[in-house]
Amino acid sequence: MIATIPAPGGFKRIQNNAEIYVLPADKFKTFSVSFHFFTELHENTVTKNALFPFLLKLGSEKYPDMLSVNQKLQELYGGVFDVRVAKRGDLHLLSFVFEFLRPEYSDAEQMENCLGFMKEMLTNPLVKDGGFSEEFVNREKENLTDYINGIINDKREYTNLRLVEEMFRGDSYALYEYGKVADLEHISAKDLYESYREVMKTAPLKIFISGNLEEERFFDTFSALLEEERKPLPQNAIYDKNLSVPNKVEENENLVQGKFALGFQTGIAPDAEDYYALNLLNSVFGSGPHSKLFMNVREKMSLCYYVYSRLNRLKGTMQVGIGTDKENFKKAYDAILEQLELCKKGEISDEEIAFSKKFIVGILKQTADNQHNLADFYLTGILAGRPLSPEEYIEKIEALTKEDLVRVAQDITLQTEYYLS
Amino acid sequence: MQFQKKVEERLGETLYFGTHESGLDVFVLPKKGFSKKYAIYSVKYGSIDTSYLIGDQEINDPMGIAHFLEHKLFELPGGGNAFDLFSKTGGNANAFTSHDMTGYLFSCSEHFNENLDVLLSYVNEPYFTVENVAKEQGIIAQEIKMYDDDPEWRLFNNALEALYHTNPVRNDIAGTVESIAQINQDLLYQIYNTFYHPENMVLFVAGDVDISDVANLVDKNVKKKEIPFSVVRKQYAEPDCVKQKRIVKEMSVSQPSFILGFKENHVGLTGKELLRKNMETGLILKMLFSQSAPLYNKLYQQGLINDTFGFDCLNSDTYFATFLNGEAKDIDKTVEAVLLGIESAKQEGFRKEDVERYKKAAIGRQIRAYDSIEAVANQFSSNYFYGIGAFDFLEIYPTITEEILLRRMQEIFNEHYAVSEMHPVAK
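Just so you know, the protein sequences line up as chains X and B, in that order.
Here the first sequence stands for residues 1 to 421, where the numbers follow the working numbering.
Here the second sequence stands for residues 1 to 427, where the numbers follow the working numbering.
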């Protein structure tokens, strides 16, 4: 079954649970295609699924090593082929992202050459004896081990990751998107090839095309991939209100500056109408230089260089992060919760609301200036069950009042604290 | 003010530029179809500019003062800060200080003129007090401590400390908690009046904007100074050799990492000559150490480097250093293999067809950069202060040959190198 229907920003074509979103745009020098495969985030598959996508970057039948893949990209005028793995709610998202110069800035065969390259890298991997190349697998296992062990090197990001682990203990969302080092020794080149085939043939797939790619040629090139019978996106796999027992964790790494993160439950589902109010409230509270956290904890109290709050829409949570001297932990903690309390009491000025609206609207308006940001924006909206265009989203934000903000603030509750010093 | 127009067919871009009566150069890159409008107002004054001559008098300022001034310029006369004004006009504002420049910028989608007015007015109206300086000392101390916990930043600064004896590029951009304690409001006014001179600044605007509005706002906010810009930056007697061959530190990290830094002593180039040197260096680094390079692939297959391996270059008219960096289980072994690889590349030279392929990809990446308004604007601003034009790269690429690259490779990879190492804390 193939259906083509209008969609925000362009149109979409639906084919056996593969959805292709076409976002025409004339202003870019490049065109971009991203393939997003969704798998369940599960401890039995997370490491395999995090590993195999990177093998595709190392070589294919036609370009059998990293050297020839990258030389081909150079011949395509410095094209880009990126692999990303991420968590989106309880889904494990495996993405293959391509970007190439348009024919006007390269040559007349560019479109055909690039389509051929994308198809080769995605659908014709280097296979030996029913498995990926052992050499590639061993190399990528080492890389992944170094990468996972290296999380500790970025203390700010490490603090955030540890909070999520503690906050979702027992839930699949506590898994790290790159998997576990301990799994690697039990994973064979054959297992990985099986995972690859399974995902390519059955995983729900969403594709974003932008910047004037001739879409009919794209459909022809990828007809085999698009004709597979895919599973639908798992239902209720996104939002889960049940978190672990409230918890406070303190760890020591001999840091010069202490860091901590606070995890809050918001009680607001990703598709709830109140999500937009939560989005605005988050900006009033802690996102942007006009926010209560920035104005008070940084500017008035001089406690930190960075402090912010951010939402995880698909999990219904809010996270605050700050770096400050360890002897000021209590002072900073009190100041952060005091600002949240003010939001709950309705001590929010008209100016704060106006500034926050402008801040969010400004970002939304600029979303379409970057092909990857736009694809990402739509993807989140689709997963949340509210596939709005940036313009529709802006209308929702503009219509909000103080009462909406105070209402959504009431259910925000502190759930987990993580301190690193 | 009058604008001239330069059309670059190959890029599909047009650039307007003009010099305001104050001496400020103004550039506008129209980007039809983009919602985002961006402006960056920069000054050729960075962390390295701590010693200079005014007349016969030599001035020595505390380390980190350029960065401190950047923070403090956001204060408005009578209280409040520029962020409040940008919040009203919907601008997303920021600023940064590097070794050799400071940039004040915003992006917005609506009310561009109001936002540009805010940018030009706050940068032109300093307001420093005892209280607001004291408050910032707390905030910046936290910023410095944040970088103290960042192994990559530490590794990089240690490499600069090892390479240079006297050049102030070896000092941390933000200074130290002790050095910023010496800063007061009088000192800030003094350096502001010295360096924030229209002749030492540039405004770059990109987006779908009206150039006559830009000109009017510059007229309104930027005034001609009575005294021409006349700072003489101190010349440092920098020995050819490196200060330290090796610098080893420990932090809480997962495995050892290193930077192998090369220092060049032939500096002083500006304009197209400097751009040429930068571009040749970029090509050579890609031909040896990118994923499309045989040497990189060999080192990778031998397990001597991993995905974190990369390269970087820090260049100006007073310093030029090239860095190779990454994680390594055995740093000595990796460094030795890298140096051997470089030596054999010097023997073998480059093949014409490879050079042409790298050039093709490099031009493609430069064209692609025009999809990102801020990337183009920031790159342009830092180049401007060295007399490099936005489209100059297009005329240089065709003149780069394999012979030129071979010669340049000998200059980059000379005997003046140092290794900065970071090891996990022994538990």
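Note that these hints are calculated values from the structure, not bench results.
Since the model is a prediction, treat every value here as computed from it, not as a measurement.
Built from N, CA and C at the ideal position, the CB exists for glycine as well.
A couple of the hints might just be wrong.
To be verified - Computed far set for chain X versus chain B, every beta-carbon distance over 12 Å: (1) Ile-2; (2) Lys-87; (3) Asn-143; (4) Arg-156; (5) Pro-289; (6) Met-295; (7) Tyr-306; (8) Lys-357; (9) Glu-392.
Stated by the list, open to error - Computed cross-link-like contacts, EDC-like style, restricted to lysine to aspartate or glutamate with a CA-CA straight-line distance of at most 20 Å: (10) X:Lys-300 / B:Glu-403; (11) X:Lys-326 / X:Asp-107; (12) B:Lys-359 / X:Asp-107; (13) B:Lys-360 / X:Asp-154; (14) X:Lys-326 / B:Glu-143; (15) B:Lys-359 / B:Asp-332; (16) B:Lys-360 / B:Asp-332; (17) X:Lys-27 / B:Glu-402.
To be verified - Sample of chain X residues facing chain B (criterion: CB under 7 Å; computed from the structure): (18) Leu-67; (19) Ser-68; (20) Lys-72; (21) Gly-323; (22) Lys-326.
Notebook entry, point to check: Is the hinted pair Lys-360 of chain B and Asp-332 of chain B satisfied, with a Cα-Cα distance of at most 20 Å?
Noted result: Distance of about 35 Å is beyond 20 Å: violated.
Next item on the list: For the pair supplied as a hint, Lys-359 of chain B and Asp-107 of chain X, confirm whether the alpha-carbon distance does not exceed 20 Å.
Entry: OK: Lys-359 of chain B and Asp-107 of chain X at ~16 Å, within 20 Å.
Margin query: Can you confirm whether the C-alpha distance between Lys-359 of chain B and Asp-332 of chain B stays at or below 20 Å?
Written below: violated (33 Å)
Margin query: Can you confirm whether the C-alpha distance between Lys-326 of chain X and Asp-107 of chain X stays at or below 20 Å?
Written below: At roughly 58 Å apart (the allowed maximum being 20 Å), Asp-107 of chain X and Lys-326 of chain X break the hint.
Next item on the list: Please settle this one: Lys-357 of chain X was flagged as non-interface, so is its CB more than 12 Å from every CB on chain B?
Entry: Given that some Cβ of chain B is not farther than 12 Å from that of Lys-357 of chain X, nearest at about 9 Å, it is violated.
Check: Minimum Cβ distance from Gly-323 of chain X to chain B below 7 Å?
Finding: holds (5 Å)
Item checked: 20 Å limit on alpha-carbon distance, applied to hinted pair Lys-300 of chain X and Glu-403 of chain B -> The given pair, whose Cα atoms are some 59 Å apart, is violated under the 20 Å limit.
Margin query: A cut-off of 12 Å on Cβ-Cβ distance, and Tyr-306 of chain X was said to be off the interface with chain B. Does that hold?
Written below: violated (7 Å)
Notebook entry, point to check: Holds or violated: Leu-67 of chain X as interface residue toward chain B, Cβ cutoff 7 Å?
Noted result: At about 5 Å, which falls below the 7 Å cut-off, the nearest Cβ of chain B leaves the hint on Leu-67 of chain X intact, so it holds.
Next item on the list: Take the C-alpha atoms of Lys-326 of chain X and Glu-143 of chain B, compute the straight-line distance between them, and say whether it is at most 20 Å.
Entry: holds (14 Å)
Check: Per the stated criterion, does the least C-beta distance between Glu-392 of chain X and chain B lie above 12 Å, as a non-interface residue requires?
Finding: The claim stands: Glu-392 of chain X keeps its Cβ more than 12 Å from every Cβ of chain B (closest is about 16 Å).
Item checked: Satisfaction of hint between Asp-154 of chain X and Lys-360 of chain B, Cα-Cα up to 20 Å -> Given that 20 Å is the threshold and the Cα spacing comes to 35 Å, the pair is violated.
The structure shown violates the earlier hints numbered 3, 4, 5, 6, 7, 8, 10, 11, 13, 15, 16, 17, 19, 20 and 22.
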